[in-house]
Every structure is written in structure tokens, then in C-alpha cells.
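Each protein sequence line maps, in turn, to chains A and B.
To convert, note that position 61 of the first sequence is 61 in this note's numbering; the numbers rise steadily by one, no gaps.
To convert, note that position 1 of the second sequence is 1 in this note's numbering; the numbers rise steadily by one, no gaps.
A few of these clues could be false.
[As the list claims (entries may be wrong)] Mimicking DSS-like on lysine-lysine, the simulated pairs with C-alpha atoms at most 27 Å apart in a straight line are:
| id | chain 1 | residue 1 | chain 2 | residue 2 |
| --- | --- | --- | --- | --- |
| 1 | A | Lys42 | B | Lys7 |
| 2 | A | Lys42 | A | Lys56 |
| 3 | B | Lys65 | A | Lys2 |
Hints are computed from structural coordinates only; laboratory data are not their basis.
In case you want the letters, here they are:
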Amino acid sequence: QKEVEQDPGPLSVPEGAIVSLNCTYSNSAFQYFMWYRQYSRKGPELLMYTYSSGNKEDGRFTAQVDKSSKYISLFIRDSQPSDSATYLCAMSASFGNEKLTFGTGTRLTIIP
Amino acid sequence: SAVISQKPSRDICQRGTSLTIQCQVDSQVTMMFWYRQQPGQSLTLIATANQGSEATYESGFVIDKFPISRPNLTFSTLTVSNMSPEDSSIYLCSVATTNYGYTFGSGTRLTVV
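Modelling step: build the complete structure from the supplied sequences, incorporating the hints.
And the structure:
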């Protein structure tokens, strides 16, 4: 069993829809949870990170962490064609001083 | 956050040869990581490179195949040695800081023919 599981998709939704991306994990030591966006032929860029359980909102993006269920989500509201990318969840036990463990990534396409 | 310059951005190499990828950071960082990303796949960690110590390799990766140098706090190289077509992939460097978390370079797209 992988430490982090993520539905690889692909996922296609119409413009303006709400997108839900999810990851599950097995390592209870994970405390920091990140979402990266990767456009084609680019390196991953950090969208959001969350510490422990709870919600965090940044514009159209909301990250949720439920440590009791070992489940994290990223919601994208009012999705735009520019949101079309691969989204990777990543997590670690500490922030900035150990390696990240990544999900497999979900390829998202927003249809105009 | 840290800004990373990774070179080359892409290369096409003959099998049996070696390629060295460079990663330059605009600030001093302790932890640097090298990843491989095969087409349509997620990131696989090759090794962690901390300045002043030997790189730590993940299972399935060995120093003879992927030697790493980390001469100072702003620079690292990864060499892909004795390449075969199976080494065709995107190679990414990443740095970690406790202030800004993890930042990635734009990657090196390697094709081995």
C-alpha cells in the first residue's frame, strides 16, 4: 500500500464548476499537507499548505484536512480554463526539513 | 520563496553517455532534493543532498548511477550516468526551507536515444 493515494483521473469539468480533489494517506506522523499545481512542461508550484486538521481558504481555493480520517481535499470554486493542470498532494511530518511524500497527481481539464 | 535555476532545460543524449544537471538557488538552503518524474507519473525522490554530507539515496537509486555533488549552500548537480532509454524522464531539483517550505525548479527533460 502506498503511503499516499490520489485518484489519477483524468478529470474533466465544465468551466465554472466546483472541483474536488482528494488524497488519503496512511502515515499518522504527517502534520503538513500541501497541494501543488503543475502545468505541462513546468515544475510543481505550491498552491497551499495546511498544518494539522482544519480548513484554509485562498481565493477560489480551499484546502481541508481531516487527520482522523487521514483524508485531505482541495476544492476549486468557479473553475477556469487556466486551472487545467496536474494537481499533486504532498505531505510531511515536519515543514521544510525533511522529504515530501507525494500522491500520484490528478490531471484536471476545465472545459470552456 | 527561493528561486531555482535549473540547467539544461532539456537534452537529447546518446545511450551510454552521462549528463550533469545543475541546480542554482538564489539563497542559501540546507536541504536540496532531486526527483525524477516519468511521463504522466508523480515525483519519485532520487536523493536528498545536504551540504557538507554525503547524499542520501532512496531505495532503487544508487550513487554510481546518480552521483550528486553539493559543494555549497546554493548549488548542486545531479549526474545521470551510463544512460539508457529507461532514464528518459524529467529531473527536478527542489529546496526546502522552514520559512517557505518546498520550491521546485522547472525541470530538465531528458531523452535518451
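Problem set entry | Numbers of unmet hints, in rising order | none
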